[in-house]
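Colleague: Sequence:
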Amino acid sequence: MHPRSLITPLLTGKSQDGSSLLRSALANERHKTNWVNGQPHRGISPPKPALWSRPQLGSPARPSIPLNKKPNMVGKPGETDKLNSLKQKDKLPISKPKVPLATTKPTKQDRKQTTTFAPTTAASRQESWEDSELFKPQPSSDLDALGKKRYVAPHVIYQTGKKPDEPCSITSSLNYFPEDEPGEVNVTSPPRSPPSNLTVVTVEGCPSFVILDWEKSDNDTTEYEVISTAKGPDGEQVSVLTTNQTHTAVENLRPESSYEFTVKPKNDLGIGPESEPVSFNTESADPRVSENVSGKDAIWTQFPFTTDSHSDCHGKQYVKRTWYRKFVGVQLCNSLRYKIYLSDTLNGKFYNIGDQSGFGEDHCQFVDSFLDGRTGRHLRADLLPSRLGFYRALRQEPVHFGQIGGHSHVSYVSWYECGIPIPGKW
Numbered sequence: 001m002h003p004r005s006l007i008t009p010l011l012t013g014k015s016q017d018g019s020s021l022l023r024s025a026l027a028n029e030r031h032k033t034n035w036v037n038g039q040p041h042r043g044i045s046p047p048k049p050a051l052w053s054r055p056q057l058g059s060p061a062r063p064s065i066p067l068n069k070k071p072n073m074v075g076k077p078g079e080t081d082k083l084n085s086l087k088q089k090d091k092l093p094i095s096k097p098k099v100p101l102a103t104t105k106p107t108k109q110d111r112k113q114t115t116t117f118a119p120t121t122a123a124s125r126q127e128s129w130e131d132s133e134l135f136k137p138q139p140s141s142d143l144d145a146l147g148k149k150r151y152v153a154p155h156v157i158y159q160t161g162k163k164p165d166e167p168c169s170i171t172s173s174l175n176y177f178p179e180d181e182p183g184e185v186n187v188t189s190p191p192r193s194p195p196s197n198l199t200v201v202t203v204e205g206c207p208s209f210v211i212l213d214w215e216k217s218d219n220d221t222t223e224y225e226v227i228s229t230a231k232g233p234d235g236e237q238v239s240v241l242t243t244n245q246t247h248t249a250v251e252n253l254r255p256e257s258s259y260e261f262t263v264k265p266k267n268d269l270g271i272g273p274e275s276e277p278v279s280f281n282t283e284s285a286d287p288r289v290s291e292n293v294s295g296k297d298a299i300w301t302q303f304p305f306t307t308d309s310h311s312d313c314h315g316k317q318y319v320k321r322t323w324y325r326k327f328v329g330v331q332l333c334n335s336l337r338y339k340i341y342l343s344d345t346l347n348g349k350f351y352n353i354g355d356q357s358g359f360g361e362d363h364c365q366f367v368d369s370f371l372d373g374r375t376g377r378h379l380r381a382d383l384l385p386s387r388l389g390f391y392r393a394l395r396q397e398p399v400h401f402g403q404i405g406g407h408s409h410v411s412y413v414s415w416y417e418c419g420i421p422i423p424g425k426w
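Take the sequence shown: its letter number 354 is residue 354 in UniProt numbering, and every next letter is one higher.
Please note that a few of the clues may not be correct.
Claimed, not checked - In silico DSSO-like pairs for lysine-lysine, Cα to Cα no more than 27 Å straight-line:
{"no.": "1", "residue 1": "136", "residue 2": "148"}
{"no.": "2", "residue 1": "326", "residue 2": "316"}
{"no.": "3", "residue 1": "162", "residue 2": "148"}
{"no.": "4", "residue 1": "326", "residue 2": "349"}
{"no.": "5", "residue 1": "136", "residue 2": "162"}
{"no.": "6", "residue 1": "136", "residue 2": "163"}
{"no.": "7", "residue 1": "216", "residue 2": "149"}
{"no.": "8", "residue 1": "216", "residue 2": "136"}
{"no.": "9", "residue 1": "149", "residue 2": "162"}
{"no.": "10", "residue 1": "231", "residue 2": "266"}
{"no.": "11", "residue 1": "216", "residue 2": "266"}
{"no.": "12", "residue 1": "149", "residue 2": "136"}
What the hints assert, rightly or not - With beta-carbon atoms standing in for the labels, derived distance ranges:
{"no.": "13", "residue 1": "403", "residue 2": "233", "range": "47 to 57 Å"}
{"no.": "14", "residue 1": "396", "residue 2": "233", "range": "32 to 42 Å"}
{"no.": "15", "residue 1": "385", "residue 2": "238", "range": "37 to 47 Å"}
{"no.": "16", "residue 1": "388", "residue 2": "232", "range": "22 to 32 Å"}
{"no.": "17", "residue 1": "185", "residue 2": "409", "range": "51 to 61 Å"}
{"no.": "18", "residue 1": "349", "residue 2": "236", "range": "36 to 46 Å"}
{"no.": "19", "residue 1": "143", "residue 2": "323", "range": "50 to 60 Å"}
{"no.": "20", "residue 1": "149", "residue 2": "379", "range": "37 to 47 Å"}
{"no.": "21", "residue 1": "138", "residue 2": "223", "range": "45 to 55 Å"}
The set of hints was computed from the structure by calculation and includes no laboratory data. We put the CB at the ideal spot given by N, CA and C, even for glycine.
All chains should be modelled from the sequences, with the hints used to inform the complete structure.
Modeller: What follows is the structure, encoded as structure tokens:
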């Protein structure tokens with residue numbers, strides 16, 4: 001029995017009959033839909049329905065951000081920093097000013113990466129996406145933030161309900177995808193059946209990632225290769241990641257770009273037949289989040305740095321130079337959740353950033369976000385270890401250096417979600 005058949009709603013109290021009706025309706029929609037965005041559509045097996053409710057995470061939502069608001073005191077996206085430019089001390093190029101908006105296009109180069117996402121704890125689990133009323137086969141608005149039509153197809157599900165001033169969150173969305181229970185697998189041959197019901201789950205207003213979900217192929221499968229192909233006039237860019245789950249997030253997608261996704265089952269004896277490919281076009285970047293400097297790589301450069309650590313994030317580290325002679329360092333949980341640090345020098349220690357009047361929501365300015373972010377572990381300063389760090393009270397203020405935590409009345413946090421993907425694709 002597939003794990004999804006054991007899922008029951010946790011929050012809505014919706015009956016199983018209601019869920020079955022939703023599944024049946026979506027299946028009928030897929031069977032009768034042969035056109036996608038005005039073009040003939042290849043038939044695929046019907047996916048799983050959708051609908052949900054969002055958790056209350058982090059700080060309360062702030063007022064809507066005006067379109068002409070710009071972050072101060074931080075570098076602007078604009079040029080690619082090369083790794084070899086960091087070999088000499090403090091030689092990281094300073095970020096350049098904004099350039100006019102333009103549509104981003106995929107590049108030719110191929111790259112391969114392997115990623116497995118850690119399970120979310122049971123305590124933070126919401127209801128399944130298939131039982132939630134926020135996941136729907138149609139977006140709540142046909143048009144994105146720039147007035148362009150959103151992509152609709154039988155294999156695409158929209159997570160609705162995100163407010164414009166709320167940062168996108170891979171972590172929050174993944175909470176609606178239950179982890180598959182590990183079990184003994186007696187492998188006798190390579191997988192013989194392809195994964196089925198490959199579904200693209202996208203969040204309205206969040207073009208930088210999707211979550212792919214599919215049905216298990218057969219009992220000989222131990223893991224899956226997920227192949228993402230960015231299609232553009234200059235060629236194709238292919239990324240491959242590996243997971244032992246029947247879902248995964250695909251991150252760092254470009255806005256207004258076309259993608260094709262396939263999934264291959266694997267085990268120790270070989271690779272099985274791949275799923276039927278599905279297509280998806282990402283929506284426009286939201287100008288209320290950040291300036292979209294299209295046609296350029298993100299300004300972040302992967303570079304290992306030393307931290308005075310208070311972090312829930314332990315992934316890759318990236319740095320960028322600011323206009324006021326500080327270096328911003330981030331350490332990733334994923335591309336949309338990270339810990340932000342500051343340093344006076346590239347090769348020196350990177351310090352926590354304290355907040356005298358909140359819990360670091362306005363620190364998203366340091367990664368060029370207009371939003372007040374969602375942040376983790378809202379603890380009073382006297383509940384945090386006393387340490388040296390940078391601090392300020394309000395957005396646009398210069399930072400000071402001194403004691404934070406302890407008896408300083410200056411709090412600091414363990415992660416940030418700012419709506420900006422890092423390293424990102426512009």
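Colleague: Confirm or reject each hint.
Modeller: Comparing the hints with the structure gives:
1. 136 with 148: holds, 19 Å
2. 326 with 316: holds, 20 Å
3. 162 with 148: holds, 18 Å
4. 326 with 349: Holds, at about 12 Å.
5. 136 with 162: holds, 13 Å
6. 136 with 163: holds, 16 Å
7. 216 with 149: violated, 32 Å
8. 216 with 136: holds, 22 Å
9. 149 with 162: The hint holds at about 18 Å.
10. 231 with 266: Roughly 25 Å between the alpha carbons, so the hint for residue 231 and residue 266 holds.
11. 216 with 266: Judged against 27 Å, a Cα distance of about 11 Å means the pair holds.
12. 149 with 136: Holds, at roughly 17 Å.
13. 403 with 233: 47 to 57 Å: Once the Cβ atoms are compared, 55 Å apart, the range 47 to 57 Å for residue 233 and residue 403 holds.
14. 396 with 233: 32 to 42 Å: For residue 396 and residue 233 the Cβ distance comes to about 40 Å; the hint holds.
15. 385 with 238: 37 to 47 Å: At roughly 45 Å between Cβ atoms, residue 238 and residue 385 fall inside 37 to 47 Å, so the hint holds.
16. 388 with 232: 22 to 32 Å: Check failed, 47 Å falls outside 22 to 32 Å.
17. 185 with 409: 51 to 61 Å: Holds, at about 55 Å.
18. 349 with 236: 36 to 46 Å: Between residue 349 and residue 236, where Cβ atoms are some 42 Å apart, the hint holds.
19. 143 with 323: 50 to 60 Å: violated, 35 Å
20. 149 with 379: 37 to 47 Å: Given range 37 to 47 Å: holds, Cβ gap about 44 Å.
21. 138 with 223: 45 to 55 Å: Roughly 33 Å apart at Cβ, these two residues miss the hinted range, so it is violated.
Hints 7, 16, 19 and 21 from the list above are not met by this structure, while the remaining hints are.
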